[in-house]
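So the protein sequences, as listed, match chains A and H. Just so you know, the first sequence maps onto residues 102 to 289 in my numbering. Just so you know, the second sequence maps onto residues -6 to 571 in my numbering.
Hints should not be assumed to be uniformly reliable.
In silico contact screen, one side only, chain H against chain A (beta carbon under 7 Å); selected entries [to be verified]:
1. -3
2. 160
3. 232
4. 236
5. 286
6. 288
7. 302
8. 317
9. 319
10. 328
11. 329
12. 538
No farther apart than 25 Å at their CA atoms in a straight line, the calculated lysine to any residue pairs in the SDA-like style are these [as the list claims (entries may be wrong)]:
13. H:33 <-> A:271
14. A:158 <-> H:510
15. H:318 <-> A:223
16. A:188 <-> H:321
17. H:173 <-> H:12
18. A:219 <-> H:328
19. A:104 <-> H:161
20. A:188 <-> H:325
21. H:540 <-> A:198
22. A:243 <-> H:307
23. A:188 <-> H:319
24. H:319 <-> A:211
25. H:318 <-> A:266
26. A:166 <-> H:106
27. H:246 <-> A:188
28. H:-5 <-> A:273
29. H:508 <-> A:276
30. H:318 <-> A:208
31. A:188 <-> H:308
32. H:-5 <-> A:266
33. A:104 <-> H:33
34. A:188 <-> H:307
35. H:508 <-> A:112
36. H:318 <-> A:189
37. H:319 <-> A:189
38. H:319 <-> A:209
39. A:104 <-> A:210
40. H:318 <-> A:227
In short, the hints are calculated from the structure, not lab data. Quick reminder that beta carbons are idealized off the backbone N, C-alpha and C, glycines included.
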Amino acid sequence: MTKNIMIVGVGGQGSLLASKLLGHLLLTEGYDVKVSEVHGMSQRGGSVVTYVRFGEKVYSPIIDKGEADVIVSFEKLEAARYAEYLKPGGRIVVNTQQIDPMPVITGAAAYPEDLIEKMEALGIQVDAMDCVALAEEAGFVKAVNIVLMGRLSRYFDIPVEKWQQAISECVPPRFIELNQKAFLLGRQ
Amino acid sequence: MKQLMLGNKALARGLYEAGVSVVSSYPGTPSTEVTEELAKFDEVYSEWAPNEKVAMETAFGASLAGKRSFCGMKHVGLNVAADPLFTCSYTGVNGGMVICVADDAGMHSSQNEQDSRHYAEAAKIPMLEPADSSEALAFAKKAYEISEAFDTPVLIKMCTRIAHSQSVVETSERVVPKPKPYVKNIAKYVMSPANAIRRHPFVEERTLKLKELAETSDLNWVEMGGTELGIITSSTSYQYVKEVFGDTVSILKLGMVFPLPDQKIRDFAEKVDRLVVVEELDPIIENHVRALGIQVSGKDLFPICGEYSQNMVASVLGAEVHEGKKLGEDLPIRPPVMCAGCPHRGLFFALAKNKCTVLGDIGCYTLGAAAPLNAMEMTLCMGASISAIHGFNKALGEESEGKTVAVIGDSTFMHSGMTGLANVAYNQSNSTIIILDNSITGMTGHQQNPTTGYNIKGDPAGKIDLESLCRAMGYQRVRVVDPYDLAACDTAIKEELAAKEASVIISRRPCALLKYVKHNPPLVVNTDKCIGCKSCMRLGCPAISIKNGKAVIDNTLCVGCGVCSQLCRFGALGGAKE
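The shape of chain A in the complex, shown without the other chains (with noise of 0.2 Å):
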């Protein structure tokens, strides 16, 4: 049975890290393996979801309405808008942090309110986390994607060592202890 995780967020947070752990990983573990990103216009700023799906045989590159297992979210609005891919009965893991999209910022728009509880009311599993104070405690705020991660990890038998080994290969060696120490942050 193929499993689906989608990485959702605002163009620039980081989600390729993540999903390039995740992809690693997995491979690692002996599933099949398909990642989809999107680049070009999308990431400046814009609304970006990246693919993840695993199992003895991955066809489709993409994940449709109802099919995500887990939806990892950098953001609280983002996590909304995807929450229709998620099967009934999956789980959000969401840091709360708010970006305000330009509809918001020029006034034409609000920010919705109550946006977990909207979630958990719809009986959505909501893991909400402020990822950037973690990012921050671990000592690098860049480190949310890691955090995130480590938060996801408690949703999978697999191993914490062979999640903290992906980190060690996946990250350039200088920003390797800083972010073993996100990862843990947010798995606890």
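Since the structure of chain A is already known, use the hints to place chain H on it.
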């Protein structure tokens, strides 16, 4: 070793393993990474050409010389390169020549949704279409074999979902074939009418031979499952069909989409009760099947516009569709925006303030058309801003000359703005042209170009001086402004629009995302001075918002460009230069 690899990188790997020697491309999403990855191999000569036509002709020259060559581009790039494409079909090749074209169904980063398969049929050049990374790698090698065996360039068609998805590949060593000697052959390579008329029958015979290849090649295969439904498909559509139906239906999977295997299609059609073609964009396979006299469904069921997905294929063909629950309210959209500190913002603000009619071009600055600036009224294709302002002003004369400008980026100007600029100079329209020189090709992810002084590997290279170039064309009025200086932009725009001759303004400041660009500390809002007038909000900077009636600067985004502080009459935004 098994590894996860981006489709574009896998294609590059395949080309490398096949011994490609010379690579010339122009960047364009979703094709860019093929050439970027090739540039990492020291054994391969790689370059960014000024445009796709130049790239293809360069690749042709290398093929003529006897080496394996490559050029890559996006779908609209092939329009630019269509001229050499159609005739190198006639000349054929010496060393193998492979052309990658990447389509963008769904228009993730493009101005149209054209289907490049038409070009294969029109230019009579074989086209391979991989459905994942491992096929991209394998097809690259196959393409060179076909190119040299059949004396033809070969097209490889990628699409966004194959180009930008990673799947598992196995790599092997590079094998460089023995270079073929260059031999003078006027009848083959000089396409004057007398020679070309003899080459056309060769092309027709070659297509017949390629059809035989299509019948027997393992590029096209049949997967027999249930015979109630038979599906002919290729590329990413094949993956969606497999996702929905697995082994329960029969599939004719095409890896070669031109020419098509008539007999294989007939045999397959006979074995199934109902035949459906699943292909994104235009009904090319479907029309071919119908022309064979076979009853088939396709675009009567599936849309021509946009991308497909597994749910869409399931819904159309009556399989189970997955559904999720959505929030019961409309969420604000999050469109792409100019980055904080983007040098284009200040210039566009000045254009909006002067109520200019802005004819635009292709690049990051196309975002100048978005709210709140709404400062661009036309975007067509690479280079069209300059050619179109000439026509616009010839049509309207003084009515438009004093308020209309063309804006074009440095890379787009090198690509196809120079010929338009020559036309303005030659046929003399009173046009105002603004070159947005951010010293890089931005939207596609920072590629060098002839104005930056660096080559694809980041080594020093020739550098074309924009001011000298414009003056050499005869422009007397050429001036440079810093787009971070709103007053200077305003003055330049007013003066050049008022001038009674054509002029060029070069708005020069490197892209804020470039690694070498030093940023100032983030600005600080003096909340005692800020009255919440929202004047700064008119810039549409993602780093500025209003909270509790006061401006707030996001210090993770702000790069201290200071443009907003120039708009604040109360001196509430400070700290940029400190």
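Each hint tested on the structure:
1. -3: Since the shortest Cβ distance to chain A is 5 Å, the answer is holds.
2. 160: Holds, about 5 Å.
3. 232: holds, 5 Å
4. 236: Since chain A brings a Cβ to about 4 Å from residue 236 of chain H, closer than 7 Å, the hint holds.
5. 286: At 32 Å from the nearest chain A Cβ, residue 286 of chain H fails the 7 Å test, so the hint is violated.
6. 288: Hint on residue 288 of chain H: violated, closest Cβ of chain A at ~28 Å, above 7 Å.
7. 302: holds, 5 Å
8. 317: holds, 4 Å
9. 319: Constraint on residue 319 of chain H satisfied, holds at 4 Å.
10. 328: holds, 6 Å
11. 329: With a closest approach of 4 Å, the residue 329 of chain H hint holds.
12. 538: holds, 5 Å
13. H:33 <-> A:271: Roughly 19 Å between the alpha carbons, so the hint for residue 33 of chain H and residue 271 of chain A holds.
14. A:158 <-> H:510: violated, 45 Å
15. H:318 <-> A:223: Holds, at about 7 Å.
16. A:188 <-> H:321: holds, 17 Å
17. H:173 <-> H:12: With Cα atoms ~13 Å apart, residue 173 of chain H and residue 12 of chain H stay inside 25 Å; holds.
18. A:219 <-> H:328: Holds - the C-alpha atoms of residue 328 of chain H and residue 219 of chain A are around 23 Å apart, at most 25 Å.
19. A:104 <-> H:161: holds, 16 Å
20. A:188 <-> H:325: Since the Cα atoms of residue 188 of chain A and residue 325 of chain H sit roughly 23 Å apart, the hinted pair holds (cutoff 25 Å).
21. H:540 <-> A:198: Distance of about 15 Å is within 25 Å: holds.
22. A:243 <-> H:307: violated, 40 Å
23. A:188 <-> H:319: Holds, at roughly 11 Å.
24. H:319 <-> A:211: holds, 19 Å
25. H:318 <-> A:266: violated, 36 Å
26. A:166 <-> H:106: Holds. Residue 166 of chain A to residue 106 of chain H sits at ~24 Å (cutoff 25 Å).
27. H:246 <-> A:188: Roughly 30 Å between the alpha carbons, so the hint for residue 246 of chain H and residue 188 of chain A is violated.
28. H:-5 <-> A:273: holds, 22 Å
29. H:508 <-> A:276: holds, 18 Å
30. H:318 <-> A:208: Judged against 25 Å, a Cα distance of about 28 Å means the pair is violated.
31. A:188 <-> H:308: With Cα atoms ~17 Å apart, residue 188 of chain A and residue 308 of chain H stay inside 25 Å; holds.
32. H:-5 <-> A:266: holds, 18 Å
33. A:104 <-> H:33: The hint is violated at about 34 Å.
34. A:188 <-> H:307: Status holds; Cα separation ~17 Å.
35. H:508 <-> A:112: The given pair, whose Cα atoms are some 18 Å apart, holds under the 25 Å limit.
36. H:318 <-> A:189: At roughly 8 Å apart (the allowed maximum being 25 Å), residue 189 of chain A and residue 318 of chain H satisfy the hint.
37. H:319 <-> A:189: Given that 25 Å is the threshold and the Cα spacing comes to 11 Å, the pair holds.
38. H:319 <-> A:209: The given pair, whose Cα atoms are some 22 Å apart, holds under the 25 Å limit.
39. A:104 <-> A:210: It is violated: about 35 Å lies between the C-alpha atoms, which goes past 25 Å.
40. H:318 <-> A:227: holds, 14 Å
Against the hints set out earlier in the document, violations occur for numbers 5, 6, 14, 22, 25, 27, 30, 33 and 39.
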